[in-house]
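**Q** Below, each chain spelled out in residue letters.
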Amino acid sequence: MRLDELTRPDFPILGRAINGRPLVYLDSAASSQKPRQVIEAMARYYETSHANVHRSIHTLGEEATELYETARDRVQRFLGAASREEVVFTRGTTDGLNLLAEAIGRTLRPGDEVLITEMEHHSNVIPWQMAVRDRGAVLRAVPVTGDGVLDMTAFERLLTGRTRVVAITHISNVLGTVNPVGEIAVRAREVGALSVIDGAQAAPHLPLDMSALGCDFYVFSAHKMLGPTGIGVLYGRRAALDALEPARGGGEMIKEVWLDRAQWNDLPWRFEPGTPPIAEAVGLLAALEYLEKLGLERVTEHERALTREALQALVAVPDVTVYGPRNPAIRGAVVAFNVAHLHPHDAAALLDGEGIAVRAGHHCAQPLMRRLGVSGTVRASFSVYNSPQEIAALAHAVAGLESML
Amino acid sequence: MMGATALYTSVIRERWRKPRFRGDLPGATVTAEDVNPLCGDRVRLALRLEGGAVAEGRFTGDSCAICSASADLLLERIRGRSVREAAAVTVEDLLATLEADIRPTRMKCVTLPLSVLKAALRAA
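For the record, the sequence lines run as chains A and B.
Going by our numbering, the residue at position 57 of the first sequence is 57; the numbering climbs one at a time, nothing skipped.
Going by our numbering, the residue at position 23 of the second sequence is 23; the numbering climbs one at a time, nothing skipped.
It is possible that part of the hints are untrue.
[What the hints assert, rightly or not] A partial selection of chain A residues facing chain B, derived with a Cβ cut-off under 8 Å:
hint: 1; residue: Val257
hint: 2; residue: Asp260
hint: 3; residue: Ala262
hint: 4; residue: Ala340
hint: 5; residue: His343
hint: 6; residue: His345
hint: 7; residue: Ala349
hint: 8; residue: His362
hint: 9; residue: Gln366
hint: 10; residue: Ser375
[Claimed, not checked] Computed beta-carbon distance windows for the label pairs:
hint: 11; chain 1: B; residue 1: Asp101; chain 2: A; residue 2: Met130; range: 55 to 61 Å
hint: 12; chain 1: B; residue 1: Asp101; chain 2: A; residue 2: Val191; range: 54 to 60 Å
hint: 13; chain 1: A; residue 1: Asn327; chain 2: B; residue 2: Ala119; range: 43 to 49 Å
hint: 14; chain 1: A; residue 1: Met130; chain 2: B; residue 2: Ser115; range: 35 to 41 Å
hint: 15; chain 1: A; residue 1: Glu40; chain 2: B; residue 2: Asp93; range: 45 to 51 Å
hint: 16; chain 1: A; residue 1: Leu294; chain 2: B; residue 2: Ser115; range: 45 to 51 Å
hint: 17; chain 1: B; residue 1: Ala55; chain 2: A; residue 2: Thr321; range: 37 to 43 Å
hint: 18; chain 1: A; residue 1: Ala392; chain 2: B; residue 2: Thr105; range: 23 to 29 Å
hint: 19; chain 1: A; residue 1: Ser403; chain 2: B; residue 2: Glu76; range: 22 to 28 Å
hint: 20; chain 1: B; residue 1: Thr31; chain 2: A; residue 2: Asp134; range: 31 to 37 Å
Hints are computed from structural coordinates only; laboratory data are not their basis.
Nothing here was measured: the structure is a model prediction, and the numbers come from that model.
Beta carbons: idealized from backbone N, C-alpha and C, even for Gly.
Required output: the full structure, derived from the provided sequences and hints.
**A** This is how it looks when you write it as structure tokens:
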């Protein structure tokens, strides 16, 4: 049985009609849909076990705490992290990247460099712009080649003893390129730089193993991987996390407080001030259980097959330009394209009229749009519930777009 | 195609295919441009003002069909009008001319040329 045949019945929203047509949801890279198992786990939590976590000395508080911390254990296992202390809950990828840029940023000195790439999402650009600003530090970017991959020769040239941080996406949210982040993490360590990997587009689709990857930090969001909005994960190698001074304060992140000073809590709570997203952690736990039950290898295989079909079908449509590597083996589950002279927003609106949901615009990657010489693109992205029939429906609709406007 | 037909009316299609006021304007006396942060679209308006009236106007830039149609209709509407009349054009006026069911996500496509016009007239 194909993965979509197995999973579709679990996703209530996929039964919707849009503009009189069955919904074809091809925008999972922006946010995936949620299986019943996730929705029900969160509802059950609110109906039976909700209270604040950690210092509630009553049954509900204990149950909520246990669920929240069980979610952490599950994430540790999912990531192949060495210990649960390496798993910090955040509000999402953007939040995790900001947390890192704030904390690392305060250690930057004049002349220090932060190295990003031309294919980063704005979430992995702006926090670093803010971190280097006013500190005399410098932000540099690895260019993207015409094939849509990183220019590794330029990377070697830009990586120097001045580099303090290498912040790079695992998979491009536009080109789909899977970057050699393991190799990059090793090279970063050799020059004494920290490696920060934006895993927003990778965690939903690839088996991850932090012990093998060897990066210092890895961040992602639950909502792109069948889980709820409002929660994400910051993985930090123990020694790297320990060396970071928290940049955000509040309850929970302290051991003892005086009016003029405080002693920080242990890892991982040191980086989790305030009431955490508890129900969302429960939802993330259910999402990880769901994905692991399917098997991440099988997920990758299914989505790679869809990506291959989409690439072949779209390239065959006259006047369609497809961006990113042509080899599906080095691609994530996204395909960005443009149709002749049509504006991406018009293309997306016309596709919506056919019940097909795609993303259109600059995808929060304006530096990359400039590199590609376009103001925006249309983007179709895939998840476990998408079928080959939906890819065919997309290609058919795209072929008819020009005549519609 | 229910949704898309209501959005892309014949007025919008016609103006998108054959804009009457797209291009450069030699001898422009005032110009202004702005971007739509949602999509990165850019609209640039060039106007030739004479004796307190808009003698001619042209638009350029990267923009979707709705934004292009809005700019084209706007420039047609203000041609020959006094600066005061041009400045008084409202979003409702444009929506009525577009004859389209514009959803909130695309409203900025309609309003961008108008806000650029107001900026140009303020600069005049």
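**Q** Confirm or reject each hint.
**A** The hints, checked one at a time:
Because the beta carbon of Val257 of chain A sits about 41 Å from the nearest beta carbon in chain B, more than 8 Å, this interface hint is broken. At about 43 Å, the closest approach between the beta carbon of Asp260 of chain A and any beta carbon in chain B exceeds 8 Å, and the interface hint on this residue is violated. A distance limit of 8 Å between C-beta atoms decides the matter here; for Ala262 of chain A the minimum to chain B is near 39 Å, and the interface restraint is violated. At a threshold of 8 Å, the smallest CB-CB gap from Ala340 of chain A to chain B is about 13 Å, leaving the interface hint violated.
Annotation: interface hint on His343 of chain A holds; nearest CB of chain B at approximately 4 Å, less than 8 Å. At a threshold of 8 Å, the smallest CB-CB gap from His345 of chain A to chain B is about 5 Å, leaving the interface hint in force. A distance limit of 8 Å between C-beta atoms decides the matter here; for Ala349 of chain A the minimum to chain B is near 6 Å, and the interface restraint holds. With its C-beta approaching chain B no nearer than about 5 Å, His362 of chain A sits inside the 8 Å limit, and its interface hint holds.
The criterion of a C-beta within 8 Å of any C-beta in chain B is met by Gln366 of chain A, whose closest approach is roughly 6 Å, and the hint holds. The interface hint given for Ser375 of chain A holds, since its Cβ lies 4 Å from the closest Cβ of chain B, which is under the 8 Å cut-off. Separated by about 40 Å at the C-beta atoms, Asp101 of chain B and Met130 of chain A break the suggested range of 55 to 61 Å. Distance hint check: the CB atoms of Asp101 of chain B and Val191 of chain A are about 57 Å apart, consistent with the given range 54 to 60 Å.
Look at Asn327 of chain A against Ala119 of chain B: about 47 Å separates their beta carbons, and that is inside 43 to 49 Å. A beta carbon spacing of about 28 Å between Met130 of chain A and Ser115 of chain B contradicts the range 35 to 41 Å that was offered as a hint. Separation of Glu40 of chain A from Asp93 of chain B is about 50 Å and conforms to the stated range, judged on CB atoms against 45 to 51 Å. Under the hint 45 to 51 Å, the C-beta atoms of Leu294 of chain A and Ser115 of chain B, about 48 Å apart, fit the expected range.
For Ala55 of chain B paired with Thr321 of chain A, a C-beta distance near 40 Å keeps the hint of 37 to 43 Å intact. Checked against the hint of 23 to 29 Å, the pair Ala392 of chain A and Thr105 of chain B passes, with Cβ atoms roughly 27 Å apart. At roughly 26 Å, the beta-carbon separation of Ser403 of chain A and Glu76 of chain B lies within the given 22 to 28 Å, and the hint holds. Here the CB-CB span from Thr31 of chain B to Asp134 of chain A is close to 34 Å, well matched to the stated 31 to 37 Å.
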